[in-house]
Each structure stands twice: as C-alpha cells, then as structure tokens.
Amino acid sequence: MRTLFSDVPRASLTAFYWAFILYLLLPLTLMMAMSFKDANFVAFPIGEWTFDWYVKVMQDKQFLEACLYSIMIAAATTFAATTLGVWIAMLIVAEGIRGQVIIFALACLPAVVPGMISAISLRIFISTIDMPTGTAAIILGHTVHAVPFVVVMALTRLRSMPGNLVDAARDLGADSVVAFFRVTLPYLGPALVGGMIFCVLLSIDDFVRTFFLGGYRPTLPMLIFAKVQGGMSPEINAMATLVLVVTAAVGLYAEFLTRRARTR
Amino acid sequence: MEPVVQFENVTKSYGKHVAVDNLNLSIEGGKFVTLLGPSGCGKSTSLRMLGGFETPTSGRILLSGKDVTKVPPNKRNVNIVFQDYALFPHMSVAKNIAFGLELKGLDNASIHRRVSELLELVQLQDYASRLPAELSGGQRQRVALMRALAPDPDVLLLDEPLSALDAKLRQQMQIELKAIQEKTRKTFMFVTHDQEEALTMSDTIVVMNKGRIEQMGDPHSLYGRPGSVFVANFIGETNLLRSTVVGTEGDVAALSWNGITITANPGGLSPKVGEHLYVVLRPEAIHCSAAEPTSGNRIKGKIRQRVFKGNHTSLMVEVGAGTLLNTLVHPSDVAQLNGEDIWVGWKPETATVIPDRHAHN
Ligand SMILES: Nc1ncnc2c1ncn2[C@@H]1O[C@H](COP(=O)(O)OP(=O)(O)O)[C@@H](O)[C@H]1O
Ligand SMILES: [Mg+2]
Chain R
12 MRTLFSDVPR ASLTAFYWAF ILYLLLPLTL MMAMSFKDAN FVAFPIGEWT FDWYVKVMQD
72 KQFLEACLYS IMIAAATTFA ATTLGVWIAM LIVAEGIRGQ VIIFALACLP AVVPGMISAI
132 SLRIFISTID MPTGTAAIIL GHTVHAVPFV VVMALTRLRS MPGNLVDAAR DLGADSVVAF
192 FRVTLPYLGP ALVGGMIFCV LLSIDDFVRT FFLGGYRPTL PMLIFAKVQG GMSPEINAMA
252 TLVLVVTAAV GLYAEFLTRR ARTR
Chain B
154 MEPVVQFENV TKSYGKHVAV DNLNLSIEGG KFVTLLGPSG CGKSTSLRML GGFETPTSGR
214 ILLSGKDVTK VPPNKRNVNI VFQDYALFPH MSVAKNIAFG LELKGLDNAS IHRRVSELLE
274 LVQLQDYASR LPAELSGGQR QRVALMRALA PDPDVLLLDE PLSALDAKLR QQMQIELKAI
334 QEKTRKTFMF VTHDQEEALT MSDTIVVMNK GRIEQMGDPH SLYGRPGSVF VANFIGETNL
394 LRSTVVGTEG DVAALSWNGI TITANPGGLS PKVGEHLYVV LRPEAIHCSA AEPTSGNRIK
454 GKIRQRVFKG NHTSLMVEVG AGTLLNTLVH PSDVAQLNGE DIWVGWKPET ATVIPDRHAH
514 N
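If you're matching them up, the sequences are chains R and B in order. For what it's worth, our numbering labels the leading residue of the first sequence as 12, then goes sequentially. For what it's worth, our numbering labels the leading residue of the second sequence as 154, then goes sequentially.
Calculated from the structure, these hints are not laboratory results. These figures come from a predicted structure and were not determined experimentally. Yeah, the Cβ is synthetic: ideal placement off N, Cα and C, and Gly gets one too.
Derived DEER-like restraints, expressed as beta-carbon distance ranges:
no.: 1; chain 1: B; residue 1: LYS321; chain 2: R; residue 2: VAL124; range: 53 to 63 Å
no.: 2; chain 1: R; residue 1: TYR264; chain 2: B; residue 2: ASN261; range: 30 to 40 Å
no.: 3; chain 1: B; residue 1: LYS248; chain 2: R; residue 2: LEU263; range: 29 to 39 Å
no.: 4; chain 1: B; residue 1: SER217; chain 2: R; residue 2: ILE113; range: 38 to 48 Å
no.: 5; chain 1: R; residue 1: VAL104; chain 2: B; residue 2: HIS265; range: 27 to 37 Å
no.: 6; chain 1: R; residue 1: ALA86; chain 2: B; residue 2: GLY218; range: 52 to 62 Å
no.: 7; chain 1: B; residue 1: LYS257; chain 2: R; residue 2: PHE236; range: 57 to 67 Å
no.: 8; chain 1: B; residue 1: ALA286; chain 2: R; residue 2: THR40; range: 38 to 48 Å
no.: 9; chain 1: B; residue 1: GLU155; chain 2: R; residue 2: TYR264; range: 55 to 65 Å
With the sequences and hints as input, model every part of the structure.
Structure below.
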C-alpha cells in the first residue's frame with residue numbers, strides 16, 4: 012500500500028524525527044549538565060565538574076520546605092480528587108441514572124478549561140466567599156483540575172468490569188459498602204494507583220493555579236520561579252534536575268501500572 | 154413437607170413488556186429443578202427475582218415459607234452460580250470460596266475447614282492459592298459452584314452455567330453437577346435453554362414459554378406425555394400430526410391425517426367428530442420394516458432421506474404427497490431397509506394426543 016508520504020524519502024522522515032528528539036532533549040541535557048558546573052554562573056564551557064550544587068540544594072532549607080509543602084498539597088489533592096473521581100465514575104456507570112453523558116461532560120470540564128481562566132475564576136470565587144488565599148485554596152484549585160483525570164481512568168476500568176461481580180458479592184452476603192470495598196475497589200486497583208500518581212504530578216507541576224490561589228508560602232514551582240527571577244545559577248539547574256528525575260520516574264511507573272491494568 | 158421455593162402470582166414487566174407472566178411455582182426441597190425454555194422466555198428474570206436482583210412487579214416470592222419479595226440479595230439464603238462464573242479476579246480460589254463464609258461471620262478455623270472440604274469435593278485441593286485467571290474453564294466452573302455452595306444456601310440457583318463450556322466438558326459437568334446435587338441433597342434450581350441438558354440432570358423440569366409455565370413434570374412424563382404443541386416440539390424430536398377426528402369408539406379415536414386414516418388413544422380428551430387434534434409421535438416409536446406390520450397403525454411409504462447419526466440412522470419417509478415422517482432406525486435394522494419402499498408402523502398407545510388450542514380460530 013502506498014502511504015501518504017511515500018514519496019518523501021525515508022531518510023528525511025527519520026531525520027525529522029531525530030531533529031525533534033534533539034530539540035526535546037538538548038535543553039534538558041544542557042540544564043542537567045550545567046547543574047554540575049563548578050562556577051556561579053550558567054555558561055559554556057563547563058570546565059570543572061562538581062556535585063557541590065546538589066549538596067547545597069539538599070541543605071537549602073527553603074528548597075526542602077517548598078518540597079514538603081508541595082508534597083503535602085499533592086497528597087491532599089490526590090486524596091480529595093481520587094475520592095471524588097471514583098465517586099463520579101461510579102455514578103456514571105450506575106444503572107438507572109439519567110443524564111450520564113452530561114455528568115461525564117461536566118466532570119471533564121476542568122480538564123479543558125484553560126488553567127489561567129480556571130485560576131482567575133477560582134480566585135474571584137474565593138474572595139467572594141471571603142476565603143483566604145493559601146493552602147486550602149490551592150488544594151481546592153488542584154483538586155478541581157485533577158478530578159477529570161481520575162474519572163476517566165476509573166471509568167475506563169469500571170466499564171471493563173463484569174457487571175455481575177458486584178452481584179456475586181451481594182449474593183454472597185455483602186451489602187453495597189462491603190461489595191464496593193472488597194470487590195469494586197480492588198478491581199479498580201492498578202488504574203486507581205495510576206490515576207493517583209497522575210494527580211500527584213499534576214499538583215506538583217501546577218504553577219498558574221498556585222500562583223493565583225497561594226499565600227506567602229511558596230510551593231516548589233513558585234520557589235524556582237522566584238529564584239530564576241533573581242538570576243540563573245547552577246543551583247536552580249540542580250533543583251530542576253532533581254525534580255525532573257523524580258517526576259519522570261514516578262510518571263513512568265504510573266504508565267507501567269495503567270498499562271498493566273489495561274492488559275489484565 | 155413445606156416447599157422451599159414458592160412463586161405466587163409473580164409478574165415482572167419492563168415497561169409494556171411482560172418478562173414473567175403470573176408465575177405460580179412451588180418447589181420441593183432436595184430436588185434438581187430445571188427451568189427450561191427458549192431464550193427470552195423469562196428464565197433468568199425468574200431466577201434473578203428469587204436471588205433478589207429484580208423486584209417482582211406484582212406477586213410474592215417465599216423462601217422456606219418466609220416472604221422474601223422485598224428482601225435484598227445479601228439477606229437471602231440463596232446463592233447464584235452465574236453464567237460467566239463472576240469469580241473475583243483478584244482473589245485466590247480459596248479466598249473466593251471463603252468470601253460468603255467470612256461475611257457470615259464464621260471463625261477462621263471453620264472457614265478453613267469448610268473451604269478444604271469443598272475443594273476436596275471437586276478435587277481442586279491443589280489449586281487453592283491460584284487466581285481464577287490461572288484456571289481452565291471447567292475448573293472455574295467448579296470454583297463458582299463451590300463458592301455458591303459454601304454458605305449452605307436453602308436453594309442454589311444456576312443460570313446456564315454450562316453454556317460457556319465445550320460439548321465434551323459440558324456433558325462431563327452435567328454428570329458431575331447432578332452427582333454433587335445428590336451428594337449434598339441441596340435444592341438446585343437450574344436454568345437452561347438446552348432440552349437435552351434438562352433431561353439429563355433434572356428431577357423436575359419446568360417448561361417456560363413467553364413468561365408462563367407451559368408444563369411441569371419429571372423428564373419421563375414431559376418427553377412421553379407432552380401437554381402442548383410447544384412442549385412436544387421443544388423437548389426431543391417429534392412428528393406432529395395435525396388430524397381431524399372421523400370417529401370414536403371407546404377410548405380409541407379414528408383420525409384423518411392428511412387423508413391417511415390412523416387410530417390414537419385420546420386419553421381423557423373425549424373428542425367429537427370433526428374436531429382437530431395433534432398426535433405426537435416420537436421418531437423412535439415408529440417401526441420401519443420391509444414387510445407390512447400385522448397390527449397398529451401402518452402406512453406404506455418411500456424413503457426420501459437417510460442421515461447416518463452414528464448410533465442410529467434417521468430416515469425421512471414420505472407417506473403421502475409431501476407428507477413426511479421422521480423415523481429412527483437402529484443400526485442392526487438398517488440393512489434390511491435397502492429398498493426405497495417400506496412400511497412404517499406404530500402402536501397407537503405410544504403416541505400422545507393433544508388438543509388443538511387454536512381449533513376455533
Ligand atoms: N433489565 C431489563 N430491561 C428490559 N427488558 C428486560 C430486562 N431483563 C430482561 N428483559 C426482557 O425480559 C425477557 C426475559 O428475559 P430473560 O429472563 O433474560 O430471558 P431468558 O433468561 O429466558 O433468556 C426478554 O424479552 C428480555 O428482553
Ligand atoms: Mg437467561
């Protein structure tokens with residue numbers, strides 16, 4: 012069969028691909044490389060290599076506190092978004108519920124509303140109800156954003172669940188709560204872990220919502236942003252490299268988990 | 154003795170569609186009872202109402218004398234074996250079987266004992282720690298059966314549990330299922346659309362059609378004395394001779410079937426001349442021979458088709474213009490029927506006479 016681009020030489024297709032990969036990886040590699048530079052400024056040549064910046068970052072109280080704060084917000088967001096997301100997914104697959112399409116569309120809305128708009132509207136909302144900016148407001152903003160991702164992941168898994176598994180549990184003496192915790196939840200298992208990790212990453216990564224809803228305590232992205240404004244230094248590169256490595260590892264693990272959930 | 158299961162005027166409608174229509178059924182304990190009928194006749198709906206997964210639109214369901222019509226499934230002492238087994242995929246075989254026992258609040262030692270006992274009953278002791286995905290179809294089937302039996306239900310409900318198995322395994326499981334039922338003396342309520350399966354296993358067969366009970370009885374009487382055209386057609390192979398009464402004498406009626414005169418015993422029907430009747434004639438009741446039979450009904454015919462079936466041969470015999478009889482001939486008798494022209498004959502008492510319900514239409 013002739014493909015659409017069959018007259019484009021194969022070699023040039025491959026070349027474009029590698030150009031793209033280069034474009035993707037070069038900045039990341041440079042950033043990582045600079046974090047090992049033994050000097051106070053970011054520029055070539057690297058010259059001497061050192062781990063000093065990492066040692067410095069790991070001893071930086073501000074950085075560690077921001078990490079902790081981000082992790083705390085991510086944990087709260089994940090808990091809230093997972094609970095809500097699974098709840099909504101269960102509602103959508105439940106029998107005898109009208110307007111499932113509308114429920115689904117509404118639940119997914121936060122994923123497509125631009126972050127900027129969502130952030131501003133939430134900011135206006137919280138000041139209307141006299142809620143202070145800060146931790147609670149951030150968690151609220153992050154949760155709304157994360158719910159759709161949990162809903163989609165949980166829904167995909169729930170739809171593949173044989174309907175009579177719950178019937179079987181009920182038949183053997185489980186009330187609906189026991190059936191949910193002993194049968195439905197374990198069945199959701201891997202998809203849920205994947206969804207939760209996704210929540211964590213979304214929350215840790217979020218800048219716009221945090222910027223509008225946050226108080227004086229900086230989360231990790233806000234801290235890095237503040238530091239960048241004060242001038243680039245290899246210390247920032249070291250921080251960013253750490254964040255990159257950890258989030259990439261977690262993200263890959265989540266992908267692995269959801270993949271396994273899909274193939275089982 | 155009080156019946157274990159009673160359906161009293163149970164009707165279930167989905168909108169305008171009536172799935173189960175005024176069902177009245179009472180089932181004795183310790184019996185293997187089969188609901189038999191074509192797909193869509195309301196078998197599963199009846200079973201699910203007994204399990205508590207559907208609420209009757211009207212009527213009552215009693216379990217061991219107690220009204221359970223509105224009791225949720227987890228509070229009823231019945232268990233279902235689902236068609237696709239519905240084993241919990243994340244639990245081992247032993248955990249699956251223990252599920253109902255744990256919810257009954259049994260202590261660990263008793264649960265362990267009961268699970269081992271049940272696994273032994275189906276020779277799956279070595280599979281206790283496997284996941285359902287690691288079992289064959291037949292093994293899953295057995296686990297599902299044991300899981301449902303574990304909490305010691307008053308009635309075990311089975312909704313076409315064998316339909317996912319291949320023919321050989323299915324026959325084997327039919328025998329095993331019957332053996333387990335006899336060993337445990339439990340009431341089994343089995344649903345199938347396969348009449349052979351029903352005949353093989355049941356003490357009592359309830360034939361359903363369009364949400365109603367057509368006939369109920371043991372396999373012998375259903376096969377031998379079908380009460381309606383539907384039952385005659387549904388259970389076993391049959392020749393259905395629509396005939397007109399031309400005369401009666403005692404308990405013998407002379408009938409005209411497509412211009413051929415035959416005799417039959419109408420039983421308690423006391424038909425009048427001119428009335429229409431059906432004569433149900435099983436293929437194996439017909440005797441094919443080269444020479445004219447000396448007694449009973451006998452008609453000259455021509456063999457139109459021979460179908461070799463292994464343990465017998467099926468002959469289609471044309472006894473009048475376009476009028477065919479399906480007959481069954483044993484291998485030892487086939488050899489002498491080498492010509493085209495033969496005689497078919499049957500004793501009148503081997504045929505069942507049923508009234509034509511649509512006679513006045
Ligand atoms: N949940 C339902 N909603 C609407 N109609 C249904 C439902 N369940 C069953 N029916 C209908 O009721 C009839 C009986 O179904 P069922 O009891 O499953 O038949 P069987 O098990 O004998 O094949 C069928 O016509 C089916 O379409
Ligand atoms: Mg069915």
